[in-house]
Structures are given as structure tokens and as C-alpha cells.
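Engineer: These are the residues of each chain, in order.
Number of protein chains: 2
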Amino acid sequence: MTFNGRKIKGVLLDITGVLVESSGSGPKAIPGSVEAVKALQDASIAVRFVTNETQRTRISLVTMLRGNGYSMPVEAVFPPALAMASIIKKEQLRPFLLVHPNCLYDLQSPKITDEEYTCVILGDAVDEFNYSNLNKAFKVIMNNNCPLYALGKGKYYREDGDLTLDVGPFAAALEFATDRPAVVVGKPSR
Amino acid sequence: MTFNGRKIKGVLLDITGVLVESSGSGPKAIPGSVEAVKALQDASIAVRFVTNETQRTRISLVTMLRGNGYSMPVEAVFPPALAMASIIKKEQLRPFLLVHPNCLYDLQSPKITDEEYTCVILGDAVDEFNYSNLNKAFKVIMNNNCPLYALGKGKYYREDGDLTLDVGPFAAALEFATDRPAVVVGKPSR
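Taken in order, these protein sequences are the chains called U and Z.
With the first sequence counted from 1, adding 802 to any position gets you our numbering.
With the second sequence counted from 1, adding 802 to any position gets you our numbering.
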């Protein structure tokens with residue numbers, strides 16, 4: 803398979819909005835997408851699934867996709883928490899996590915004192931985004947002079963037809979307060 | 803009295819950090835400031851007291867200042883909530899308020915349905931800055947296509963020696979999510 807005259811070795815596919823869309827009863831396959839992915843796989847094109855979804859673990863994403871008719875090995879799915887986990891390991895970071903509880907499995911929350919954190923990681927923490935937790939994240943960055951990582955920088959998404967703030971606005975809040983840009987980890991933005 | 807060759811008709815004084823500083827037992831007069839303000843008043847210079855403090859009503863500010871040795875009529879003190887109240891009246895706004903409970907006295911919280919709000923007003927809401935309230939503010943701006951007012955845009959302040967997020971980061975969060983700049987109401991920034 804070629805594109806603009808160049809041989810295609812692999813394809814990165816977004817998950818939400820490309821393979822599935824949310825519905826009242828959870829994510830549902832978008833018509834035609836299951837067949838399209840299968841056609842790529844049958845043509846021996848390497849397919850990887852990337853997402854800025856930070857409310858699910860890698861396993862939960864794979865289970866959901868398989869339940870919708872897709873097939874892939876677990877290793878082909880890349881949520882930002884996984885990319886973050888490899889940065890944590892490589893840089894030997896001790897993160898203060900402000901993320902969705904579901905996402906804790908893919909990361910590691912060290913049991914240390916406030917002074918020992920070496921970075922702050924923000925995910926789509928939903929109800930964990932309260933004044934107390936945001937203040938704590940802010941103080942860790944300021945007092946420990948350490949970086950802020952954001953698992954994506956989406957503005958908002960729709961859930962059951964209702965607008966819902968994503969991780970981006972909370973990253974923007976801490977960027978404004980601390981005068982430091984966040985390091986965004988996840989699928990490339992537009 | 804003249805300054806750079808021009809006659810001075812009046813002086814605007816900030817309150818926190820100029821007249822008083824916070825201490826464990828509440829705000830305390832900064833040495834020399836009581837005398838300096840009195841000297842201005844004795845010289846018949848018009849003095850007005852401006853502040854971005856949005857955790858106190860005008861009356862509470864005047865009481866605190868008088869308790870620290872300052873004298874002024876109530877009308878000489880201008881918290882942003884008062885400036886906001888006059889904008890609300892002039893523009894006949896129906897605001898969704900996300901402000902400190904103490905500040906509600908200077909504003910007016912209309913009892914209306916979500917669809918009827920015509921603006922969002924953010925103050926230093928402290929613990930009221932939770933995911934549910936921020937989401938509601940966001941949805942009012944998006945769904946009703948209406949402006950965001952911020953009572954100041956301070957990044958953070960110190961309280962009992964501890965760093966604390968101010969209203970600015972939360973205004974920045976909603977600006978990022980909605981792609982609209984906030985209208986900042988309060989004392990001029992630097």
C-alpha cells in the first residue's frame with residue numbers, strides 16, 4: 803500500500819471518534835470502521851491504536867474494542883498513561899498523580915512525602931479536580947521546582963450529550979499559576 | 803501636592819500588601835502606612851482604596867481597615883464585587899456566580915434556570931472551585947453563548963505562609979476550554 807508515492811509501513815488510529823463513538827450504553831463501533839481496520843490488518847499493515855483517553859487502563863480499552871468487533875494484541879494499544887509510565891521509568895520520576903482512579907493501574911503512585919515528589923502528572927481526573935487537589939499539585943510544582951506533565955490537552959468532550967471539561971483546562975490553570983508550560987504526553991495534536 | 807510637575811487630585815491605594823499584610827491572626831497594618839494615609843487625607847488629597855480581594859464584602863473590608871487604625875467612609879473602598887455589581891445593573895445581566903460565599907452580599911444571585919443565565923462571574927471561590935461547579939460555569943458559557951467575568955486575575959497568594967491558588971488560574975481554565983478571553987473586573991494590573 804502506498805500514499806503520495808511512499809510505501810506505508812504502519813497506521814496510527816485514534817480510538818474515540820474514529821473506531822467508536824460514545825452512546826448512552828457506552829462506546830459503540832462506528833459503522834464501517836471494524837471492516838476498515840480488518841482490511842489494513844489483512845494487508846499486513848502494522849496498526850497501532852492511540853488515544854488520549856485517560857479514564858481507562860490499557861486492558862479496559864482493549865476489552866472494550868474487542869467487545870465491539872475489533873481485534874488486536876494488548877501491546878498495540880497506547881493510552882497516554884502508558885507513554886507516561888515509560889517516561890517515569892526512564893527519568894526515574896516520583897510523581898504526584900492527579901488522574902482518574904481507573905488510570906492508577908497503568909501508573910504508579912509512590913507513597914512518599916510532599917517534599918519528595920519530582921513532578922506532577924495531570925490526567926482527566928474528573929471529580930478529583932477539586933480545590934484541595936489542584937492546590938496541592940500547584941504547591942508541589944512551586945515548592946519542589948518540578949515539571950507538570952499533562953496526559954493530553956483536550957478542552958472538553960461530550961458524555962451522554964453533555965459537555966464535560968477535559969484535562970486541558972486544568973493543565974492551563976496550573977500553567978497560568980506557575981508560569982510554566984506543561985509537558986503534554988499522548989497522541990500528537992492537530 | 804505635585805508629582806512629575808502635575809497636581810495630584812487623588813490617590814488610589816491597594817489594600818493587601820500596601821496597607822495591611824496577612825498574619826496568623828488576620829490582616830495587620832504595615833508599619834508607617836496608617837500615618838502615610840492620614841497625611842494624604844490631612845492634605846485634602848482624595849484617597850480611594852482598591853482591592854482584588856473577593857473573599858470579603860465592602861463592609862467587612864472597611865471594618866477590618868478601621869480596626870487596624872485607618873479611617874475612611876464606606877464609599878471610599880472598592881472591591882471588585884462592587885464594580886461588578888454596577889456592571890450587572892447597567893447591563894442588566896443575569897449572572898451564574900462562582901464566587902466566595904462572603905462575596906454574595908455585594909452581588910445578587912438570581913434564582914433562575916440554567917438557560918436564563920447571561921454571563922458567568924468568577925471570584926476567589928476557594929472550595930467552591932470543584933469539578934461540578936467549573937463544569938456548570940463552562941456549560942453556561944458554551945450553551946448560552948455568554949461572557950465570562952473574572953473578579954481579578956491573580957495567580958496565587960499566601961495564606962498563613964502557604965501558597966494558595968487565586969481566581970486567575972480558574973479563569974485561565976475556562977478561557978482555555980471556551981476559547982474566549984475573560985473580562986477582568988477589579989483594580990488595574992501592573
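Keep in mind the hints are simulated off the structure, nothing from the lab.
Each hint should be verified, as a subset may be incorrect.
[Unchecked claim] Only some residues are given here: those of chain Z computed to face chain U with a beta carbon under 8 Å:
1) Ala831
2) Ile832
3) Leu842
4) Ser846
5) Val849
6) Val852
7) Tyr933
8) Lys941
9) Asp962
10) Thr966
11) Phe972
12) Ala974
13) Ala975
A virtual CB, placed ideally from N, CA and C, is assigned to each residue, including glycine.
Engineer: Determine for every hint whether it applies to the structure shown.
Structural biologist: Each hint, compared with the structure:
1. Contact between Z:Ala831 and chain U, as hinted, is not supported at the beta carbon level, the nearest pair being about 28 Å apart and thus beyond 8 Å.
2. Interface restraint check for Z:Ile832: the shortest CB-CB distance to chain U comes to about 25 Å, outside 8 Å, so the restraint is violated.
3. Evaluation of the Z:Leu842 hint against chain U yields a violated restraint, the C-beta minimum of about 34 Å exceeding 8 Å.
4. A cut of 8 Å between beta carbons decides the hint on Z:Ser846: the least distance to chain U is about 42 Å, and the hint is violated.
5. For Z:Val849, the interface hint is violated, since its Cβ never comes within 8 Å of a Cβ in chain U; the closest pair sits about 32 Å apart.
6. Look at Z:Val852: its Cβ only gets to about 23 Å from chain U, farther than 8 Å, so that hint breaks.
7. Taking 8 Å as the C-beta cut-off, the interface hint given for Z:Tyr933 holds, the closest approach to chain U being about 4 Å.
8. With a least beta-carbon distance of about 5 Å to chain U, the hint placing Z:Lys941 at the interface is held under the 8 Å criterion.
9. A hinted interface residue such as Z:Asp962 counts as satisfied when its beta carbon comes closer than 8 Å to some beta carbon of chain U; here the least separation is about 13 Å, so the hint is violated.
10. Against a cut-off of 8 Å between C-beta atoms, the interface hint on Z:Thr966 holds, since the closest Cβ of chain U lies about 6 Å away.
11. The interface hint given for Z:Phe972 holds, since its Cβ lies 6 Å from the closest Cβ of chain U, which is under the 8 Å cut-off.
12. Of the supplied interface hints, the one on Z:Ala974 holds, with its beta-carbon coming within about 4 Å of a beta-carbon of chain U, less than 8 Å.
13. Given the 8 Å rule on beta carbons, the hint for Z:Ala975 holds: about 4 Å separates it from the nearest Cβ of chain U.
Checked against the numbered hints above, the structure violates hints 1, 2, 3, 4, 5, 6 and 9; every other hint is satisfied.
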